[in-house]
Amino acid sequence: MVSVAKTLQLRTSPHVTSGASVDLIMRHVVWALVPTALFGVYAFGLTAAVTLSAALASCLLAEWLLCKWSEQPSTLSDWSVAVTGLLYGLTLPPGLPVWMTMLGGFIAVGLGKHLFGGLGYNPFNPALVGRAVMQAAFPVGMTTWHAAFGSGRFSSVPSSLFTFPFAAPEYTDALTSATPLAAWKFEHNLAAASDLVMGFTTGSTGETSAVLILLGGAYLAARKMMNWRIPLSIFVTVAVLTFALHLASPEAYPTAPFMLLSGGLMLGAVFMATDMVASPMTTLGVVIYGALIGVLTVTIRLWGGMPEGVMYAILLANAVAPHIDRLVRPTVYGTSGRKA
Amino acid sequence: MRLFSKKTFAHGVHPPEAKEATAGLAIRRFPFPPSLTIPLSQHIGKPAVPVVREGEEVIRGQLLAEPDGFMSVAMHAPASGIVRRIGLMPSASGKMVPGIYLEPFPGSSQEVPDGAGVDLESATADEIIAGIQAAGIVGLGGAAFPTHVKLKIPEGKRCETLIINGVECEPFLTTDHRVMLEQSDDIFMGIRYLMKLTQAAKCFIGIEANKPDAAQHLQDKLPADLQAEVEVAVLPVKYPQGAEKMLITALTGHEVPSGGLPIEVGAVVVNVATTAEIGRLLPVGQGIQERVITVTGPAVKKKGNYRILIGTPLRFILDEVGVEDDIARVFMGGPMMGPAVSSLDIPVVKGTSGVTAFTLREGGDTPPKEYPCIRCAYCVDACPIFLNPSQLGLLAKNGEFATMAEEHHLMDCFECGSCSFVCPSHIPLVQHFRVAKAAVRKAKAS
Ligand code: SF4
Ligand code: SF4
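Respectively, the protein sequence lines represent chains A and B. Counting the first sequence from 1 gives a position; our numbering is that position plus 3. Numbering-wise, our numbering puts 364 at position 371 of the second sequence, and it's gapless, one number per residue.
Simulated from the structure, these hints should not be mistaken for lab results. This one's a predicted model, so the numbers in the text were calculated from it and none came from an experiment. Warning: the hint list may mix true and false statements.
[To be verified] Reference listing, derived: stretches of chain A covered by chain B, where coverage requires no fewer than 3 residues with Cβ under 8 Å from a Cβ of chain B: (1) 15 to 22; (2) 122 to 133; (3) 330 to 337.
[Stated by the list, open to error] One-sided and incomplete, this derived list gives chain A residues near chain B with beta-carbon spacing under 10 Å: (4) Ser282; (5) Pro283; (6) Gly288.
[Unchecked claim] Quick list of in silico lysine to aspartate or glutamate cross-link-like pairs, DMTMM-like style, CA-CA up to 20 Å: (7) A:Lys227 - B:Asp318; (8) B:Lys362 - A:Glu74; (9) B:Lys362 - A:Asp26; (10) B:Lys294 - B:Glu257.
Quick reminder that beta carbons are idealized off the backbone N, C-alpha and C, glycines included.
In isolation and in its complexed conformation, chain B is listed as follows (with noise of 0.2 Å):
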């Protein structure tokens, strides 16, 4: 184990890490709530698409909707009860998306019967691939990408590092964590399949240095097997370390070309949790039904990790956890990404790493008031794209998308928000960024 490395990347910001308050609490399990509504599309790519009919009682872990294509993955029933509609539901992003309303029964066991695994020593890459998708598995960290898209390599291309991603650089979560400290095994036994998939001849698990319990379990837990090739790598604190080529320049030094993937410098990037999730349900041949989410923030009560059913309405989250009165701002991840939520309707999915509830206390009723550029550069030396967000900003207020993606590479920005979390002037430029992009698709699209 490297510890205390000096191995990161360039620019980036600390935020407080406020992680304390969750850090050294165990994972529990979250009550069943009287009902779920599972959204048919929890991940980058295609809908899943229903084989279950309105009225139809299922158990828990079946098979709820199937694939469409490639770019899509499985949904399975998080519990045994029954389907009273499917039909369209809110959203995080806002819009009404189709979805599964579940009913869970009340009485039921909640046994998960297992099915047909994928047996680590005689399948096939693809076999492993096709067990990922069948089991409904997304980046876990918060991107939700169909992980079983990101590890099929493209032809003539090879991957020499495997990095399992234990950062978990977003100030409040401890997801991560916790999976690391409480699920070694699952997660050594994920890495055997990604390993066996992806060919690679060497693993690095990336976890930063305010885990260090963590570092240490997962060194000394690390099976004989996998000594030679996996290494557990401690990198300096900073945001965004997590984000994934951040994280390849890290541990590796190299740059991931703009607009290409990982596999282009030999490097696929695996969530912690996914891998623990791979680790799992791969031999059990089960479906993702649930995962673990920190519910935490001021304005949260009980604080703590809680393993929670896929479609959980956050309203039910935060009343068995209890708020505070002054509750104001509720979103989904941690506060430097997670994208605040209009309705509590609104359920928890695949990729929600975090539940996250502030007060009137952390920011007022308004705002914070906008001054103009002062052209201080504080953004230009937090960027770890080396973009220049105050120039960008400038350009986005004048609606000048179409040049700030040919000349100013709008589309390198990954939306850290490392630019707004640093500006003096309050200028909420990673908002104006992501307008910019959705425009600039949209202009290309057409």
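This is chain A alone, in the form it adopts within the complex (with noise of 0.2 Å):
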């Protein structure tokens, strides 16, 4: 008879867990995200390259950095900050000089997580911070687009890439192009659906292809890593206001599926509406939450003085997440019909 004569782990009940961890739902956010990424790199050439790489380069570094400086253990491992790097390297034009990339990807981190408290404290999408700020500080570069599906995009990079820190970049307007948003609200150019389904226009490196952002989303979705109602919630409220805008005034308003597929509209709410910290938490909570991000990138777009709204509709939606999260309680068991 053999005795049993071990030292035990004490552990706490449950002994057993479901096995989702936080690196593995960031792994697969950036497997969701690679198509979108590939895409970009197709569509603009080794100008999306360099520019995925700068942006991914300079957040993973300011994690590192961030992480060395206040000595705590790096944070690299839980892969949160590869999805911010890839996903705010998406949202930039190609082209931008690689050092403004670089700058807004340490804002993105440092500003936009760290400050907060890192992982899990951020009440704003750090990919969009590091966006916003850059929007503001350098609004000729970050609204500066090349021209999708350019001959040499593979042998040749623009020169305003590798623009000198603190110089002015110089663009050569044959290279440059207009988005699909901002043909609509200045020049009155609606872009054909299917060209902005398939990701034929230009637009930042990876907002074009509605298709492949969607094909991402539906993978996240089904492995429950992302919750579907805040995308759907916005796509709804978007179609609705803009169906009924454009029923009253074919003229001045634009149609709805323009207004759904263009722009960074289907790149924020699929991946950055949905960023889990900075989103409500109750089901009615994310579907109030996409709504107002629907109402407000609508108010933004047609009545703004910007082309694009998505932006700063999610960063706004972000901020009154936890107050809609106050709001909307669920009713706790057994406690329906009285005051809890």
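Could you use the hints to bring the two separately framed chains together as a complex?
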């Protein structure tokens, strides 16, 4: 008879877990973004590859340095900063000077994440914080778009990419082009919905192919790593509002498909508004949150000074997310009919 | 029988069931250990008071300790032998508790003499309640709440529905499953006593769909005199459906009011193994001496469902069934709610439905790395009570126990562990809540 003589592990129940873990979720978000990123590189060429790499590298570096300086163990292994870096890169116009890209990466991670206490404590999506600061600081650089599918895109990069820090980049008009949203807003040109779906238009590196973004989103939603109610609520709100407006005045307002498919709405709704940390937790809460983003996006796009409004819409909704959670608390079991 | 009913409660989780290893194994008698350690309190409430002396010889089934008031139950000798000592002994809670050390006689026949039975036909409700208390019966599903206490219907309340809990939603455990397959007559006899006592109009036997053989067996064996009132209800598999409140909601649609008892919605829930013990012991006037326990887990070699004497030390059980070399963790009950034990000198008690042992391969050397809460809301969608475990977890970290109780319904948490199970940040949420609840209770008491 063998006697059981062992030091027993004392752990608290439950002794089994679902297998979900933060790094696993983050890793899957990265996988879900890969097709979109690859398409960006295919559409915009080497420029996009440089921009994405610079964005990713600067975010990883910032995270590593900030952990080192604050004498915390490195958090690179939780993969959350990879998500931030990739998302941030995908929101940038390809051809943005590398030094700007990297500066924004530091801002995204430093200001958007670590200043608030790191993973889990950021009230805003860090990638969007980075982009918002860049938009304010470098309005020209952030709205100069290179035409997609340029012929020499795999053999050369625009000179603007390697502008010296703090020098103004020079753009050659021949290479730049207007985004569908700007074209509509300032020139009343409506891009074809099919081009928008497939991604044959210009824009930020990762926002042009609606179909690939939705594919990535569907993958995450199927794995329950993204709350699909958020993008759905945004899409429905935007569609209903635009449909009504377009019906009222087809001259003044674009069609619903155009609104849904152009600009950063798809990328923002699927990958940024769904940032778990910065969005509400209850089902009703996320529906309200999504509707709010939808309304704000339409408002800013149609009546604001800028062609694009998704970014600010999401940041504003992030700010109210905790309040939404406080307002719509689910009824605790056994308390209905009584005052909680 | 309602097969494939969609009725269930909201939220909950789906842990791996892990019941295949023992579900098909018939209950077998476990050897008697060389010595038994029998705690005087194996139930919620007051410890029983010993009625034997050190050095006294007792026969199997003899009363060892009598209940101390209504919130207490009797304790009987699990085996014929000699009382070696009455004093402190280790318990699963980690504390030393008063208990009786009994040394069984190796050569004894271990016959249990009959006592004064409770006659089903003539007994009054109070007589049945007294009989259940005298038999030392507590909730065998794990809660160990004195069964007779919850059967005492308060003045002005009525029991509409008697619910027999055969859900057994804890992974790994198959005790109730086997009892349903092998002791259907005892169960039906128990139901007769319970129906008579509660005057309920309706009785459900709730069983999860992963035990179709048990449901079918009970349906086939359902005696003619019970056919009108008793219904075998098959429920979809979901944890924690075996929790009283969840089962009531699944079967009747009613929600037990926060802080209230099931009787407030006209329901009484009794575990199926408890019911079987009532049906087995009351007619012959005996007390609980043993119970069926699933001994299982990846570290156990001869897994099975065993009828084990109350007071058998874990060390003896694990020695008998054999364990893997890298055994690392042993817990009482299943992996969702079962507390890990610090010592193998701890005995199994009336509330022990399982002994599960894990190796190092399940969970590694150290607990998984804890991340900050990423507000993924998995826990919010898991909590069957509709609490916000994420919020509660943050408050617990700051020690804001009073706020947790007053504004966030902490005391409604029944520690099912669903939130911890799903948390991708591996935050020991339910452990925080246990600590917080204890602190709140203490603050209230002082
Ligand atoms: S908060 Fe309590 S009741 Fe809710 S899932 Fe966690 S342990 Fe279960
Ligand atoms: S499951 Fe864990 S990480 Fe997710 S919200 Fe709940 S506590 Fe936070």
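Cross-check of the supplied hints:
1. 15 to 22: It holds: at least three residues are needed, and the stretch 15 to 22 of chain A offers 7 whose Cβ sits within less than 8 Å of chain B.
2. 122 to 133: holds (count 3)
3. 330 to 337: holds (count 6)
4. Ser282: Result: holds, 8 Å to nearest chain B Cβ.
5. Pro283: holds (8 Å)
6. Gly288: Since the shortest Cβ distance to chain B is 9 Å, the answer is holds.
7. A:Lys227 - B:Asp318: violated (38 Å)
8. B:Lys362 - A:Glu74: holds (18 Å)
9. B:Lys362 - A:Asp26: holds (11 Å)
10. B:Lys294 - B:Glu257: violated (45 Å)
Consistency with the previously given hints fails for numbers 7 and 10, ordered from lowest to highest.
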